[in-house]
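With the hints as extra help, turn the sequences into a complete structure.
Chains as they are written, first to last, in my numbering: chain A, 54 to 157; chain B, 6 to 652; chain C, 10 to 180.
Careful, some of the hints might be misleading.
What the hints assert, rightly or not - Under the rule of at most 25 angstroms between Cα atoms (straight-line distance), these lysine-lysine pairs were calculated in the PhoX-like manner:
id : chain 1 : residue 1 : chain 2 : residue 2
1  : B       : LYS622    : A       : LYS156
2  : C       : LYS36     : A       : LYS156
3  : C       : LYS95     : A       : LYS156
If you are wondering where the hints come from, they were derived from the structure by calculation, not from laboratory data.
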Amino acid sequence: MNSIPIEQILFVSTALFFIGMYGMFTRRNMITMLMAIELILNSVNINFLAFNKYLYPGKLDGMFFTIFIIAIAAAEAAVAIAIIINLYRSHQSIDVETAEEMKH
Amino acid sequence: MGHLNTISLILLLPLAGFLLLGLFGRKYIRQYAGLVGTLLMAGSTVLSVILAYEYFFLQGEVDNVYQTLIPFKYTWLAFTENLAIDIGALIDPISVMMLVVVSFVSLMVHVFSLGYMKGEERFSTYYEFLCLFTFSMLGLVLSSNIFQMYIFWELVGVSSYLLIGFYFDKPSAVAASKKAFIVTRFADLGFLIGILILGFYADTFDIATLIQRLTDLQSAQFLSITTASFIGASMLTWALALIFIGGAGKSAMFPFHIWLPDAMEGPTPVSALIHAATMVVAGVYLVARLFPVFSVNEVSLHLVTVVGAVSAVLAALIACTQTDIKRVLAYSTMSQIGFMMLALGVSGYGNAEGLGYTASMFHLFTHAFFKSLLFLCAGAVIHLVHSNEMGKMGGLRKVMPITHLTFLVACLAIAGIPPFAGFFSKESILLAAWQHHKIIYWIALITSGITAFYMFRLYFSIFWNKASSAASISHDHHVSEGTWSMKIPLIILGICTIVAGFVPFSNFVSSDGVGFHSEFHLSFAILPVVLSLTGIVVAAMLFLRGNERPAKFAAQLGGLYKTVYRKFYIDEIYLFITKRIIFNLIGRPAAWIDKYVVDGGVHASATVTTKAAELIKGAQSGNVQNYAMYFFGGIVVLTIAFLYLWK
Amino acid sequence: MNAEQIIFYLLSAMILGFGVLSVTTRKIFRSAIWLLFTLIGIAGLYFWLELEFIAAVQIIVYVGGIVVLILFSVFLTQQSGLQMKKPRQGRSVSAILAVVIGFGLTYLLIAQHGFISSTQPFVWSMEMIGRQMMGTKQGGYALPFEVVSMLLLAAMIGAIVIAIKPKAIEK
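This is the structure:
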């Protein structure tokens with residue numbers, strides 16, 4: 054573990070975060086947007102664990118946060134799918150641009 | 006001295022009449038409105054006469070000088086310590102005389118209107134306005150403070166507006182009332198500026214104090230007002246000239262006279278009261294009230310004289326050509342007031358020097374009687390014939406004997422034939438003019454000749470000239486001459502016209518309060534009387550029987566006659582100035598600025614806001630991803646700001 | 010270069026490569042599969058970090074639960090075979106710009122910070138996790154545990170309520 058400095062792990066997690074962000078900005082399909090959000094959440098998990106292991110080895114807080122984030126991400130994905138299905142029923146499409154009721 | 010109560014009652018009775026008739030007249034006291042007004046007016050008249058008796062014969066005179074008494078004075082609005090508008094009463098010879106004249110003529114008009122306006126639907130409104138007018142005029146006459154006089158001045162203007170436009174469904178009446186109000190209001194601007202100048206320099210608005218300060222040649226106020234100057238004339242000249250302009254507007258002097266002929270659209274008794282005897286002499290009264298100050302300033306006196314003379318001649322010439330009886334009488338009024346102004350202008354101050362002052366006031370006194378009599382007779386004639394035009398009248402002397410007789414008496418008085426009242430007053434005016442300014446004397450003399458001519462032209466055309474067909478129509482009328490309520494005032498005024506000349510006026514009214522004995526020069530009086538008789542004879546030749554001579558004469562004069570007939574085109578000049586110059590050069594640009602610049606600015610601010618909103622609203626796309634990008638952008642900016650820029 | 014580093018670089022390349030594929034591919038089913046591989050890569054990373062428990066949780070919950078859920082929703086919305094639409098031109102340019110700038114900024118901060126790694130070994134065990142999870146003393150996570158369980162309950166009920174077919178009262 055000591056041969057890889059922490060910055061390199063943080064590089065991975067940051068890159069994953071911004072890849073997920075690119076996906077969120079760009080994707081027109083709601084389900085793929087959700088997938089990009091999952092990538093973001095995972096990058097955060099990597100961050101927590103890296104910090105926990107490298108900077109604070111005496112504590113376990115990073116792991117707990119990771120566990121909780123995984124749990125919450127699962128719940129959120131479930132609710133998001135439910136909403137997408139509901140929107141699909143009313144708009145007959147899961148394109149994000151068809152749900153433009155909030156347009157000026 | 007019960008002056009306080011007496012004076013308050015004299016003023017308050019007409020005011021009570023106004024309020025009573027105004028609030029309850031339409032519904033509750035309809036038929037009795039006239040009686041209520043007349044009784045209150047009678048009360049005022051009796052009190053005025055009692056006051057006059059007390060003042061002139063019992064208490065007013067101390068050491069041969071008639072005192073200026075101020076029974077009460079309450080400070081109403083104080084601008085600074087010294088400048089304040091007080092409400093008070095000032096008793097001196099001319100104000101007492103005016104009280105008697107105004108209330109008496111008003112009473113006659115009230116009685117006459119009982120018959121003339123009978124059957125009129127807005128009967129109580131008419132009496133209500135008459136009461137308002139009388140109250141305002143009495144207040145003006147009694148004012149002790151020049152600002153108070155201005156307040157009542159404007160009230161008189163309002164009453165005149167209401168009364169001229171009484172028949173408000175006639176557009177000509179509405180236009181006439183507007184014209185009267187606007188022209189006099191415009192002249193009152195001069196009056197106000199004059200008041201402010203005088204008040205500023207004399208440091209007071211109170212009339213007695215003002216006169217005392219500005220006539221004392223050593224006082225600080227007099228020196229400051231005469232040394233300060235503006236475009237060459239001293240401030241005193243400016244103040245007095247401006248005040249005179251205000252008076253000229255109200256008194257229908259040239260060039261503010263245009264409203265008076267049009268004001269004849271009102272009911273005839275109103276013309277008798279307002280435009281013959283009382284309101285139009287308010288300007289003369291103003292100059293007389295401030296006469297001591299006028300007399301120390303030569304230029305203003307010259308202005309008064311010139312304006313008076315020009316008005317007198319102008320009006321006399323125009324009256325020779327008019328065919329509407331009320332218009333002839335209106336121009337005659339303007340001419341007589343010109344005489345009064347002229348007399349004031351040529352007057353000196355103190356003792357026999359002040360003959361012009363006394364003559365002017367004397368003429369005001371007698372003129373009130375015979376001019377209101379003339380108007381009331383004209384009202385009776387119009388009531389019978391239902392038309393104002395001389396062409397529709399003729400040969401009425403058999404049908405209306407009393408009217409005929411009183412009209413004749415009044416015409417003789419105005420022509421200056423002895424022993425009627427006008428003779429004495431006109432003779433003293435001519436004497437005063439002769440003593441000071443020969444040219445003015447000759448102008449006044451010729452004008453009085455012309456006066457006799459046109460008055461008798463009027464008289465003969467109405468009562469003798471049988472050529473018009475109206476004579477036969479009038480025989481069918483049952484109500485021949487009008488009720489007794491219309492005849493009694495004529496008789497009373499006729500008697501007054503005969504008697505008033507014999508009052509030894511100069512013993513009571515003079516420029517400095519000291520009565521003097523005026524002499525009667527028989528030789529001097531002969532020339533004017535001869536001139537008047539000549540005028541009467543010429544009028545008789547032309548108008549006694551219907552003939553072709555007047556028309557031929559008019560045709561010979563051609564363009565000259567036309568100019569005089571069209572009142573020297575003065576109305577047209579005014580219209581030209583207002584429409585072409587003021588409306589086009591000032592009115593239109595102002596309207597343009599208001600519409601495009603001011604309103605445009607407001608519209609522009611609204612348009613700018615709308616356009617900006619349209620630009621920004623694209624941000625509300627309803628698209629979540631856009632929102633996410635804006636959110637992220639914001640975070641980046643804030644991060645950079647907090648990390649690098651905010652230390 | 011020891012085995013640690015090589016494995017790490019392989020795992021990182023897998024994660025990032027499959028991540029990029031997942032967000033750029035135009036077929037939805039493939040995107041879900043790429044996501045699956047990304048998540049497996051991340052689990053591998055956890056194994057490399059000697060955090061077996063978290064890796065196991067990752068595989069069970071993420072890979073076995075969420076990706077399956079996503080696949081089912083793809084089938085439910087009948088999108089599986091079709092090509093998805095391309096994003097708008099301006100959108101992708103500005104997104105790339107935003108992402109690159111953001112990444113640059115963040116990595117700059119990280120690199121400049123100078124983390125001081127600790128020298129102690131990282132020791133954990135299931136018992137330690139269990140005790141701390143249920144612990145109520147200082148550092149105990151009993152409260153968040155209960156709250157998360159309530160959250161899961163709410164999410165379950167919410168999902169059911171949102172997705173339930175409305176009872177059509179048709180007349």
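Tested hints:
Distance restraint check for B/LYS622 and A/LYS156: the Cα-Cα separation of roughly 9 angstroms lies within the 25 angstroms cut-off, and the hinted pair is therefore satisfied. A C-alpha spacing of about 28 angstroms is found between C/LYS36 and A/LYS156, which places the hinted pair above 25 angstroms, so the restraint is violated. Only pairs whose Cα atoms come within 25 angstroms are accepted, and C/LYS95 paired with A/LYS156 is accepted, the gap being roughly 21 angstroms.
Hint 2 alone, counting from the list given before, is not met by this structure.
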